[in-house]
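The task is to assemble the complex, starting from two chains supplied on their own in separate frames and drawing on the hints.
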Amino acid sequence: MNNIFVYLEIEDGIAGDVSLELLTKGRSLADQLNCKLEAVAAGHHLDKIGKQVFPYGVDTLYLADDKRLAPYTSLPHTSLLVNLFKEKKPQIALMGATSVGRDLGPRVSSALFSGLTADCTSLEIGNYQDKKAGKTYENLLYQIRPAFGGNIVATIVNPECRPQMATVREGVMKKEIKDENYKGETQQLDVSNYVSDADFVIEIIERHIEKSKVNLKSAPIIVSGGYGVGSPENFQLLYELANVLGGEVGASRAAVDAGLADHERQIGQTGTTVRPKLYIACGISGQIQHIAGMQESAMIISINSDPNAPINTIANYVITGTIEEVIPKMIKYYKKNSK
Amino acid sequence: MSFNIVVLAKQVPDTRNVGKDAMKADGTVNRAALPAIFNPEDLNALEQALRLKEKMKGVTVNVLTMGPARAAEIVRESLYRGADCGCVLSGREFAGSDTLATSYALSCAIRKMGKVDLIVCGRQAIDGDTAQVGPQVAEKLGLPQITYAEEIQQITDGTITVKRRLERGVEVVKGPLPMLVTVNGSAAPCRPRHAKLTVKYKRAATPSEQQEKDVDYGNLYTTCPYLNINEWGTGDIEHESKWLGLSGSPTKVKQIESVVFAAKESKKLSPADSDIEDLMKELIVNHTIG
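Protein chains in written order, with this note's numbering: chain A, 1 to 339; chain B, 1001 to 1290.
Read the hints as simulated data drawn from the structure, not as lab findings. All values reported here derive from a predicted model rather than from experimental measurement. The beta carbon of each residue, even a glycine, is placed where N, CA and C say it ideally should be. A portion of the hints provided could be inaccurate.
[Claimed, not checked] In the DSS-like style, the derived pairs of lysine-lysine whose C-alpha atoms are separated by at most 30 angstroms in a straight line are: (1) A:Lys336 to B:Lys1281; (2) B:Lys1254 to A:Lys86; (3) A:Lys88 to B:Lys1242; (4) A:Lys132 to A:Lys89; (5) B:Lys1268 to A:Lys329; (6) A:Lys217 to B:Lys1053; (7) A:Lys131 to B:Lys1252; (8) B:Lys1163 to B:Lys1053; (9) A:Lys217 to B:Lys1163; (10) B:Lys1267 to A:Lys332; (11) A:Lys135 to B:Lys1254; (12) A:Lys135 to A:Lys48; (13) B:Lys1254 to A:Lys132; (14) A:Lys217 to B:Lys1264; (15) B:Lys1267 to A:Lys277; (16) B:Lys1252 to A:Lys89; (17) B:Lys1281 to A:Lys335; (18) A:Lys86 to B:Lys1252.
[As the list claims (entries may be wrong)] From the derived model, a few chain B residues whose C-beta atoms are all more than 12 angstroms from chain A: (19) Asn1004; (20) Arg1070; (21) Gly1082; (22) Ala1095; (23) Arg1111; (24) Pro1144; (25) Arg1168; (26) His1194; (27) Ala1195; (28) Val1215; (29) Asp1216; (30) Tyr1221; (31) Trp1232; (32) Glu1257.
Only chain B is shown next, with the shape it has when bound in the complex (with noise of 0.2 angstroms):
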């Protein structure tokens, strides 16, 4: 029996390590000053899928991207983990997509993979924090869902059973696949596995990429077929164009403003013991502890 998991997983700009160069004079942001990663919480979603391909008999474990060509960086990094192929979804048509219109497009390209008995994905990304695309491919295809999953727990008879964290407490709950599943970053890392991966997909390549390197590798990817990824664009996938990337997005940007707080005249202490006792009798005699 096969079983055959996705994993969506997106390539975003290191939010969390925004230095000063960050942010451009006119308030928008300086993408190239952002190194660009693989979304945190997909990976612990990948780690659930490779856990899933080492308790099991017959698991593929397929990673779905869809952003610029360079995304296929992700599809690699992946391989490199332990997944066994990926496809990296890609082309100006998508571009300006909001969540719906990439939900659509995942949607569509999860279609073209045929039979697929789970779909998991990461809670959210670190560059939007919305948690939206997953539950909208799963509405899209028609499957349930189980979001914030901490730990798939078991897949027996068509079924899933998953452990679920959420803000105050946790929940276990069991359900049919095919089922999406959103992961939480509270679950497992994604350990390294085996060093000799690395090696074995160091040349895996999109057509595109082939077609780029200086080096000729001659006949390399027609005999290792597997260092192959994918790579789809809008003629790979069935699809209506009105619901991709702009046109597919009921949602408008209509300003966008750098943060900027108003900075306070603030009196400057020292750790002197005068200093402090100053400001803990300045604040019980307006009142503010005490």
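Pulled out of the complex, with its shape left as it was, chain A reads as follows (with noise of 0.2 angstroms):
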């Protein structure tokens, strides 16, 4: 009892890399709790998801096996966590800030009036004193996640409610398997028990989800561009450098607002969190939302024609001049000089 919870967010019967970066979240604070770590799977052919998880470090797996459980749809998947988590009291409970994620969380808090915190960026265990009710609260979870557009960090816990719910955008934490041969144990749901047939009122009547073709996080070098960059035709310098080098390009938020690139390569708090060996920062002022989305890259390089960017700051080099005249240089030596 009181452990804690991962929502396993499944696809054609395997569980997401969010969900996966959850467990590895959820194992480290169940070992810091001394707690077990279990694991929610509902969709339909689950066979393989054992497998998949257990090297996570998962103690229990539940699975709610159903047809009509897969794709998502929200109101099924609520009933199966409201009732599951009645019955099993979790302290936490964990899922994915994504489109599934933050439409079942709210729901299932709603429903069982628990506190949840969206997209947080770091989870912790501490303690908490309630000054003026002269209460202390051992253990809770520290939920930290940006506001205000990432000018401020807010520390949120929930001294009262069960679960303590928070879930966290794919790529901010770290996947990392615990043990190949984890022992954990598998329990099938009776799905009939949690969810009723009246749930079932959403109709998929079309849908086309891709792979992304964007894998900004495995990527160690990355060429990213912000507003600076200016037009289509300049974005179109930093895919021919990180094609030369052998990367990956990203962008600010900025970048994606004024359609320059896709919503999947935006980086930063609303977008992915990556640690590049190396990161070229092309024509980006350095919101701070953008900032802790990549200041753990291991060199930074920013290219800008304001010597006085924010994102200067913490570049390793800084290079005051424009993209145009930068990056041909740049591409033009590397292929010259390597190998």
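Written as structure tokens, this is what we have:
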């Protein structure tokens, strides 16, 4: 009882990366709290999930297998979690801050009257003193998230209500196998005990989900563009440089909002968090919400015509110049001198 | 047949245009330095409602906002854009609400509105980016939900068909009414309709605004009832006070810090050939690239 639950996001019978990242975090929190890590998968053809997730340190895996549970719809998955949580009384429940987790989490929290914090960038265990009530709470989940467009970081706690719920974006936590031979047990849930037929009210008429074409998380080199890149033609230069160096192209929120790049390339608090060995920031001014998503890069080069761009303060190298001038020179030199 | 749509909208500080004076020295937010705007995705939601009003007969678009008295501006802007009426839910008792207490208060106000066929709201507000209030309201009202909507495609025979925009694709789903729909920023923007609406609703005001006005408009608000913006407090909605404001908020803020990044000692380079070549050479030598 009072364990940590992770809701697994399933696509084609496989748990998504965001869920594996949460399991990794959940495992370390469970070790700190000396409790078990449990995972719940709802969908169809779930026979491969156990083999996939036990190595991340899952002690109990609940499987709710029903053809009607895949693809995801709001009400059946909500009922499943609400009733399962009422029965198992977890102290912490984690899910991905994805279009599924952000659809499901609020409903579950509303039904259980438990606090939910969206898009956490860090989760820790600690104590909390309610000075007004003169009460100290031990071992609460610190849900740490940016607020106000990333200008502040708030630590949120849920002193009284359980489970303490949080969502985390894909790529924010690291994914790490604990033990290839980790032994956990599987429990099949009788779906009809948790979900009523009346929950199946949404009919999916069409569905086109594409595999992500962009893999920012594991790219060793990222050439990233901001609003300052200015035009799609200039953005093409970034693709050329990334291509020559064997890297991936990223973008700031401003560039995505301006239509210069797709949302899946967005780096920062509202996009992907990256930790490449080289990050080349082109025409990126460096709003806090962007910096938070790339500051752990091993080396940062900023190319910007504004010598006072905020991003320059965290860069290892600052080139004061335009994209059109600098990038072709980099490509030319690299082509001439590599190998 | 009447078809009643409630649009949930929020007045938010414009966090996208945060200047240097937006943060005070003590690390708290200087709200006065941030202009208050109509939450962008709520405008996308309003547009979906207005499109239904143009397509179907008997549609009423009612805008509900919770916030301080000045949030009446949101209702006025909605009227200019084509909404029929609006309501400001306001009061000290709502202060300190987290998303759950907010959704409880909103759900109580919606219950008071009688027959509601469709509730639309933005996916999320730019001051919190939580995307929680929509689904939490739906749950409190026992309604199904469709989130991440890009387009309400059709309403027929008590059902609604919606195209959703997800991270890696699209979905078209159909469900029963009444329904709550949250609308994505990728949906159509809210285009201005008739300039004459701005003239018509220029003097729309809540009862407290009408009292504060310096000019005496006589019986303007009785002869033109459409100029009255509803203003509700806790006395107007059926509720249990323990679910409102701070006591109705399970989440507590333990700490707030302003974000400061450790500055590095950076090497300054010019775009001259020699500088770029030296840099590239160094990167190749230390195996960062190549």
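How the hints compare with the structure:
1. A:Lys336 to B:Lys1281: With Cα atoms ~11 angstroms apart, lysine 336 of chain A and lysine 1281 of chain B stay inside 30 angstroms; holds.
2. B:Lys1254 to A:Lys86: holds, 27 angstroms
3. A:Lys88 to B:Lys1242: holds, 26 angstroms
4. A:Lys132 to A:Lys89: This hinted pair holds, its Cα atoms lying about 28 angstroms apart.
5. B:Lys1268 to A:Lys329: Holds, at roughly 17 angstroms.
6. A:Lys217 to B:Lys1053: violated, 44 angstroms
7. A:Lys131 to B:Lys1252: With a Cα-Cα distance of about 12 angstroms, the restraint between lysine 131 of chain A and lysine 1252 of chain B holds, given a limit of 30 angstroms.
8. B:Lys1163 to B:Lys1053: holds, 18 angstroms
9. A:Lys217 to B:Lys1163: holds, 29 angstroms
10. B:Lys1267 to A:Lys332: With Cα atoms ~22 angstroms apart, lysine 1267 of chain B and lysine 332 of chain A stay inside 30 angstroms; holds.
11. A:Lys135 to B:Lys1254: Holds, at roughly 14 angstroms.
12. A:Lys135 to A:Lys48: violated, 46 angstroms
13. B:Lys1254 to A:Lys132: holds, 13 angstroms
14. A:Lys217 to B:Lys1264: Measuring from Cα to Cα gives roughly 24 angstroms; hence the hint holds.
15. B:Lys1267 to A:Lys277: Distance of about 18 angstroms is within 30 angstroms: holds.
16. B:Lys1252 to A:Lys89: Status holds; Cα separation ~21 angstroms.
17. B:Lys1281 to A:Lys335: With a Cα-Cα distance of about 12 angstroms, the restraint between lysine 1281 of chain B and lysine 335 of chain A holds, given a limit of 30 angstroms.
18. A:Lys86 to B:Lys1252: OK: lysine 86 of chain A and lysine 1252 of chain B at ~23 angstroms, within 30 angstroms.
19. Asn1004: Holds, since 20 angstroms exceeds 12 angstroms.
20. Arg1070: Holds, because the least Cβ-Cβ distance between arginine 1070 of chain B and chain A comes to about 19 angstroms, which exceeds 12 angstroms.
21. Gly1082: Label holds. Min Cβ-Cβ 26 angstroms, cutoff 12 angstroms.
22. Ala1095: holds, 15 angstroms
23. Arg1111: For arginine 1111 of chain B, whose nearest Cβ neighbour in chain A is about 15 angstroms away, the distance exceeds 12 angstroms, so it holds.
24. Pro1144: Label violated. Min Cβ-Cβ 5 angstroms, cutoff 12 angstroms.
25. Arg1168: violated, 5 angstroms
26. His1194: holds, 29 angstroms
27. Ala1195: About 28 angstroms separates alanine 1195 of chain B from the closest Cβ of chain A, which puts it past 12 angstroms; holds.
28. Val1215: holds, 37 angstroms
29. Asp1216: holds, 41 angstroms
30. Tyr1221: holds, 37 angstroms
31. Trp1232: holds, 21 angstroms
32. Glu1257: violated, 5 angstroms
The structure shown violates the earlier hints numbered 6, 12, 24, 25 and 32.
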